[in-house]
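Here's the letter readout for the chains.
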Amino acid sequence: MLIFRILNFLRGYVVIKILGSNYEKTLNLLSRRNISIWDVEKKDDYLSFKLAYDDYRKNTELFEENKMQLTKKTGIAFKLHKIKSRKGFLLGAFILIVCLYVYSTLIWSIELVGGNEKIKKEIKETLSSNEIKLPTNENYINEKHIETILYKNFKNFNFVEAYIEGSKLIIFIKEKNPFPEQIIDKSPTSIISTKNAVINKVIAKSGQPVIQEGDVVYEGQTLVMGIIKNKNLEEYTMVPSIGKVYGKTYYSFQFKEEKQRDIAMSTNKKENLYYLKINDKKLKIIGDTNRFKNYNCKVNAINIPIISNFTDISLEKNIYYEEKYEKVKIDENTAQNKMKINVFDDLKSMCSPDSRVITSSLNFTEDEKYYYLNAQIEVIEDIGKEIKIYPSALPKIEDIKEE
Amino acid sequence: MKFNNIRSKLADDLELPNNAASDNFDLRMHGNKKVIIENHTGIFIYENDVVGINTKDQSILIKGKNFKIEEINDYKVIVKGAVNEILINKKE
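Quick mapping for you: the protein sequence lines, in order, are chains W and P. Just so you know, we're using the numbering used here here: the first sequence kicks off at 1 and counts up by one. Just so you know, we're using the numbering used here here: the second sequence kicks off at 1 and counts up by one.
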């Protein structure tokens, strides 16, 4: 019944009132004329019912002859009839519907499920370089093609699935396990020194240590040997050397810092420049480029509504801030702190991660132009490095015969 | 009358809807709230507490209260309200 009522509301219906008596005769007359009526209600002195506007229009004379009064017109059809005269409104409504239809068929965004931010950025760049740019019509997007592109460009993807849901392109990705199982290399190795140092501690889990605490070792010298003698036999066996050798190492640094420096200061003057950007070409619209000698520039991209969504046309606003170079005197404390930081930054890059500083001697001097720092630092660090032992190849029988 | 009986019997044997093949009316009720009558020939009385409906061979009198005719056309009539009694009388 609900669908029946909705249809009647869309088509439009009228409410009719019959005064007097002998309503039955009228109801039979209408049903014999194949006019369907509903919601027949009898009140004290009248009877009311509803019927479709089309039926009313076709049988107007019959209603007039039988003194039936039209009391109400309801339905969308009557509302539309009133709107007919408002042409601007109709045009606006039509444009709105067309725009809604067009926009609803477009894909507006890409949602990536899985992977980190870096991967997501790379995927978006890859898609745009393969001419999959948004917004685009969903008919131009082939999910299988996107999956193929991603499989080709990202070898570490285990699983890729692309599908369209509403106005979104959803790409589900699963990367291969980033931490593959560690393969334990059991080939024989020795540990050698990477630096000149004085041995502080030797921890050898496997292999034969050939140095002791307090020994001075040089770069490339063997610390733990991967050849050990069997206990009860005269034979030697080659094993992988595992262990750590800590040694004291010494570093010397020299830094200098200017007493006066040119620093760019803003003059609070600025100039706005507007460019029209078509593809990768820029066309200046407003502003002067050569106003300032020294400047700092900030670029803002401005998208033109609708146009930028469909084409590569956009605006670009460049703000030029004037700058003036001034000589600024650097105080001694600041310069010393900066040089100290430089020393430890350099030291960090030269030492192993588990290094420990034992002593440090920092000597600051200065002349007319510069501050100087001479630093000597004593560090305890892991100086060992594993290298593979390759057994020398046995001479071939044919070679021996020839000799 | 006789011809109608033959049609009705034939419809039963062929498992066809009886009211479609013959002039017999079809009466259905939804509890005591609604009465649906198909194959009617018109209304002979309509009041708030009584509705009378003619069919080819019988007249149906529905008694109760708060009656409304939910829908009426040349084939079907739906009466809504609290039904207390339905009388079927053969036409003379």
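Hints may contain errors.
[To be verified] Simulated pairs of lysine-lysine, DSS-like, Cα-Cα distance not exceeding 30 Å:
1. Lys42/W <-> Lys9/P
2. Lys25/W <-> Lys9/P
3. Lys58/W <-> Lys68/P
4. Lys90/P <-> Lys72/W
5. Lys256/W <-> Lys277/W
6. Lys68/P <-> Lys385/W
7. Lys231/W <-> Lys388/W
8. Lys42/W <-> Lys56/P
9. Lys90/P <-> Lys67/W
10. Lys67/W <-> Lys79/W
11. Lys50/W <-> Lys9/P
12. Lys56/P <-> Lys73/W
13. Lys9/P <-> Lys43/W
[What the hints assert, rightly or not] Part of the chain P face toward chain W, derived, beta carbon under 10 Å:
14. Asn48
15. Asp57
16. Gly64
17. Asn73
Simulated from the structure, these hints should not be mistaken for laboratory data. Backbone N, C-alpha and C define an ideal beta-carbon position, used for all residues, glycine too.
Restraint check, 10 Å cut-off on beta carbons, for Gly64/P near chain W: 14 Å, violated
Pairwise hint evaluation, Lys73/W against Lys56/P, where the allowed Cα distance is 30 Å at most: Not satisfied, since the Cα-Cα distance of roughly 36 Å exceeds 30 Å.
Interface hint outcome for Asp57/P [beta carbon to chain W under 10 Å]: Since chain W brings no Cβ nearer than about 18 Å to Asp57/P, farther than 10 Å, the hint is violated.
Given pair status - Lys388/W, Lys231/W, alpha carbons within 30 Å: 24 Å, holds
Straight-line alpha-carbon gap Lys58/W to Lys68/P, limit 30 Å: Given pair Lys58/W, Lys68/P holds - Cα atoms ~26 Å apart, limit 30 Å.
Restraint status (C-alpha distance of Lys90/P to Lys72/W at most 30 Å): Roughly 41 Å separates the two Cα atoms, so the pair is violated.
Restraint status (C-alpha distance of Lys68/P to Lys385/W at most 30 Å): Distance of about 100 Å is beyond 30 Å: violated.
Hinted pair Lys9/P and Lys43/W, Cα distance within 30 Å: 43 Å, violated
Hint check, Asn48/P versus chain W [nearest Cβ-Cβ separation less than 10 Å]: 6 Å, holds
Given pair status - Lys67/W, Lys90/P, alpha carbons within 30 Å: 34 Å, violated
Cut-off 10 Å, beta-carbon criterion: hint that Asn73/P touches chain W: 4 Å, holds
Pairwise hint evaluation, Lys56/P against Lys42/W, where the allowed Cα distance is 30 Å at most: 26 Å, holds
Consistency note: the structure conflicts with the earlier hints numbered 1, 2, 4, 5, 6, 9, 11, 12, 13, 15, 16.
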